[in-house]
Amino acid sequence: MIDGQKKSSIIRMFHVHKNYGTKKALANITLDISKNELLFISGPSGAGKTTLLKLLYLGEKVSEGQVLIEGINLSRISNHRIPFLRRKFGIIFQDYKLIPTKTVFDNVAIVLEATGKKRRFIEKKVKSILRTVGMEETLHSLPPSLSGGEQQRIAFARAVVGDPKIILADEPTGNLDEVSADIILELLKRFHTRGATVIIATHDKELIRKTGGRVIHLNQGYMQKTINV
Amino acid sequence: MKVVPMIHNYKRAIQDIRDHRFLNSVTIITIAISILIVSAFALFFVNANEIINSWKKGIKIMVYLKPDTPETKISELIRKIQHMDGIQDVRFISKNEAFQELKKQMKRQSSLFENLKENPLPDAFEILLKSSFQNQEKVEILATRIESLPQVDEVEYGQRWLGQFTNFFNLFRLTGYAMGSLFFMATLLIVANTIRLVLYSRRDEVEIMRLVGATDSFIKAPLYIQALIQGAFGGIIGLAVLFISFLLISSSMGQGISPGLFTIRFLSPGALCGIILVSIFVGWIGCYLSLKQFLK
Chain Y
1 MIDGQKKSSI IRMFHVHKNY GTKKALANIT LDISKNELLF ISGPSGAGKT
51 TLLKLLYLGE KVSEGQVLIE GINLSRISNH RIPFLRRKFG IIFQDYKLIP
101 TKTVFDNVAI VLEATGKKRR FIEKKVKSIL RTVGMEETLH SLPPSLSGGE
151 QQRIAFARAV VGDPKIILAD EPTGNLDEVS ADIILELLKR FHTRGATVII
201 ATHDKELIRK TGGRVIHLNQ GYMQKTINV
Chain P
230 MKVVPMIHNY KRAIQDIRDH RFLNSVTIIT IAISILIVSA FALFFVNANE
280 IINSWKKGIK IMVYLKPDTP ETKISELIRK IQHMDGIQDV RFISKNEAFQ
330 ELKKQMKRQS SLFENLKENP LPDAFEILLK SSFQNQEKVE ILATRIESLP
380 QVDEVEYGQR WLGQFTNFFN LFRLTGYAMG SLFFMATLLI VANTIRLVLY
430 SRRDEVEIMR LVGATDSFIK APLYIQALIQ GAFGGIIGLA VLFISFLLIS
480 SSMGQGISPG LFTIRFLSPG ALCGIILVSI FVGWIGCYLS LKQFLK
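Which chain is which? The protein sequence lines are Y and P, in order. What the first sequence shows, in the numbering used here, is residues 1 to 229, in sequence order. What the second sequence shows, in the numbering used here, is residues 230 to 525, in sequence order.
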């Protein structure tokens, strides 16, 4: 643990660099994210937003620098601890990443099954979360039979069903119409209110304006500015 | 592993098989074909081995005695030979008996015997050997010992034939092991590749599971169970096809070959169980090799 770490920080990044070969994806990022913060990472395509999120859940490893999640240094984490680290996160992807051959119930339940929860608890919890996102009717449907907005709500349900401390949303409204986007935004705000730290990567300025919070702006891998909306 | 997660993993494996019927069928068929080839070869080898063994049982030593050997000496010789290592049975064939037998065998050429003033054949012993002595080296040693006995005129045991036969049998056995090993390796690689393709087609699913915090063992467990099921089904189907083919071939051979010449038989229950176990093992090891590379 690094000295002077703020008690309220849940994520800390110190001079983080990420390179893909000779290409710089992120350069010298130093960032503190507090518990229960709502943070936007904005910037154009290729700015490094998705890479930054990936470094947090160890979808990628840093080339240089350090990332700490609740005091755990990700550079020193052993491979068998990675799944347990990922359980701190609920991740929402722009392309939903649902398993097309599994029902809505199974897609959401997989998070709880992976953590060894009992069947009765899983059934209760999944139904409850699907009710929260307004998708309880689709329990036995397969994802391809649902609209984009509905699939994103299922992906949202999967992200939050394990009560994660941190919700990472990568362009969560990127493929959605305005109504669906508003529903997802409301859900994110609701879980933020309940205590989760929410980090949203987006290039959608309207989404940032509607929500408010701290915004860090990335461009070509560099953190250009931080503003509060 | 705890009982409840084991049952849960088993259920997940069954569900996975249902969800990916086509891919699972491809794997099972691949295993079945591989097992069919290997077990067909094993069946051929077992039967060929049986035939060769029956030939080996025919290895005997003929001992021809010097003319006018007295009966007392003959009994003594029998006792001496019977006490030698590797002797199963000693049968005395008197020269009269041998002559009658020759006449019987050469009925059509009976005129040849009419001008003979006396029986030209010698008294002889036919010696059958114990199975452990039915090889060239031991037969040679035994023959030399018998030949050194004073009343023995000549010893015959098909020297050239036995040498060639032994070489052929050793080559056959070596070829059997080599081909068996090659088939096994080929089967393993085919199965590992098929399972890798199956995993590759499910890479998104595996990736999602990892992203939601599933441990490798959570991801692997149902895949291993699936591989064991696939191996078992593949083995059973392969052997069932082999058995049906065997019935068809043996019934057609039964009409064409005179009964008693040799009987082809199917694999023993022990061998069948062994093949199914090997098939299950192939499924498991195929899955292990694929997962090792896939979940790097």
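The hints are simulated quantities; they were obtained by calculation from the structure and are not laboratory data. Heads up, a few of these hints could be off.
Unchecked claim - Below 25 Å or equal to it, Euclidean Cα-Cα: the simulated SDA-like pairs (lysine to any residue) are: (1) Y:K97 - Y:I208; (2) P:K240 - Y:G174; (3) Y:K54 - P:Y239; (4) Y:K117 - P:S254; (5) Y:K165 - Y:P144; (6) Y:K118 - P:S254; (7) Y:K117 - P:P351; (8) Y:K88 - P:H249; (9) Y:K24 - Y:K165; (10) Y:K102 - P:R432; (11) P:K324 - P:D245; (12) Y:K88 - P:E383; (13) Y:K54 - P:D445; (14) Y:K102 - P:E383; (15) P:K449 - Y:F105; (16) Y:K102 - P:N238; (17) Y:K127 - P:P351; (18) P:K333 - P:P351; (19) Y:K97 - Y:R76; (20) Y:K165 - Y:R76; (21) Y:K102 - P:M235; (22) P:K240 - Y:S128; (23) Y:K118 - P:Y239; (24) Y:K117 - P:K324; (25) Y:K117 - P:E383; (26) Y:K102 - P:K324; (27) Y:K88 - P:I243; (28) Y:K102 - P:Q317; (29) Y:K118 - P:E383; (30) Y:K54 - P:M235; (31) Y:K54 - Y:E123; (32) Y:K54 - P:S446; (33) Y:K54 - P:M313; (34) Y:K125 - P:I243; (35) P:K240 - Y:I208; (36) Y:K54 - Y:K127; (37) Y:K97 - P:A242; (38) Y:K24 - Y:S8; (39) P:K240 - Y:T103.
Cross-check of the supplied hints:
1. Y:K97 - Y:I208: Roughly 24 Å separates the two Cα atoms, so the pair holds.
2. P:K240 - Y:G174: violated, 37 Å
3. Y:K54 - P:Y239: violated, 33 Å
4. Y:K117 - P:S254: Distance of about 32 Å is beyond 25 Å: violated.
5. Y:K165 - Y:P144: violated, 29 Å
6. Y:K118 - P:S254: Given that 25 Å is the threshold and the Cα spacing comes to 31 Å, the pair is violated.
7. Y:K117 - P:P351: Outside the cut-off at roughly 92 Å; violated.
8. Y:K88 - P:H249: Given that 25 Å is the threshold and the Cα spacing comes to 31 Å, the pair is violated.
9. Y:K24 - Y:K165: It is violated: about 30 Å lies between the C-alpha atoms, which goes past 25 Å.
10. Y:K102 - P:R432: holds, 14 Å
11. P:K324 - P:D245: Since the Cα atoms of K324 (chain P) and D245 (chain P) sit roughly 79 Å apart, the hinted pair is violated (cutoff 25 Å).
12. Y:K88 - P:E383: Not OK: K88 (chain Y) and E383 (chain P) at ~93 Å, beyond 25 Å, violated.
13. Y:K54 - P:D445: holds, 19 Å
14. Y:K102 - P:E383: violated, 84 Å
15. P:K449 - Y:F105: holds, 21 Å
16. Y:K102 - P:N238: holds, 16 Å
17. Y:K127 - P:P351: violated, 100 Å
18. P:K333 - P:P351: Measuring from Cα to Cα gives roughly 17 Å; hence the hint holds.
19. Y:K97 - Y:R76: violated, 28 Å
20. Y:K165 - Y:R76: Given that 25 Å is the threshold and the Cα spacing comes to 21 Å, the pair holds.
21. Y:K102 - P:M235: OK: K102 (chain Y) and M235 (chain P) at ~21 Å, within 25 Å.
22. P:K240 - Y:S128: holds, 24 Å
23. Y:K118 - P:Y239: holds, 16 Å
24. Y:K117 - P:K324: This hinted pair is violated, its Cα atoms lying about 91 Å apart.
25. Y:K117 - P:E383: Outside the cut-off at roughly 87 Å; violated.
26. Y:K102 - P:K324: Outside the cut-off at roughly 88 Å; violated.
27. Y:K88 - P:I243: violated, 30 Å
28. Y:K102 - P:Q317: At roughly 71 Å apart (the allowed maximum being 25 Å), Q317 (chain P) and K102 (chain Y) break the hint.
29. Y:K118 - P:E383: Violated - the C-alpha atoms of E383 (chain P) and K118 (chain Y) are around 87 Å apart, more than 25 Å.
30. Y:K54 - P:M235: Not satisfied, since the Cα-Cα distance of roughly 33 Å exceeds 25 Å.
31. Y:K54 - Y:E123: violated, 30 Å
32. Y:K54 - P:S446: holds, 23 Å
33. Y:K54 - P:M313: Since the Cα atoms of K54 (chain Y) and M313 (chain P) sit roughly 83 Å apart, the hinted pair is violated (cutoff 25 Å).
34. Y:K125 - P:I243: holds, 24 Å
35. P:K240 - Y:I208: violated, 44 Å
36. Y:K54 - Y:K127: Status violated; Cα separation ~29 Å.
37. Y:K97 - P:A242: holds, 21 Å
38. Y:K24 - Y:S8: Distance ~31 Å between K24 (chain Y) and S8 (chain Y) Cα, so the pair is violated.
39. P:K240 - Y:T103: holds, 15 Å
Violation of the numbered hints given earlier is confined to hints 2, 3, 4, 5, 6, 7, 8, 9, 11, 12, 14, 17, 19, 24, 25, 26, 27, 28, 29, 30, 31, 33, 35, 36 and 38; the remaining hints are satisfied by the structure.
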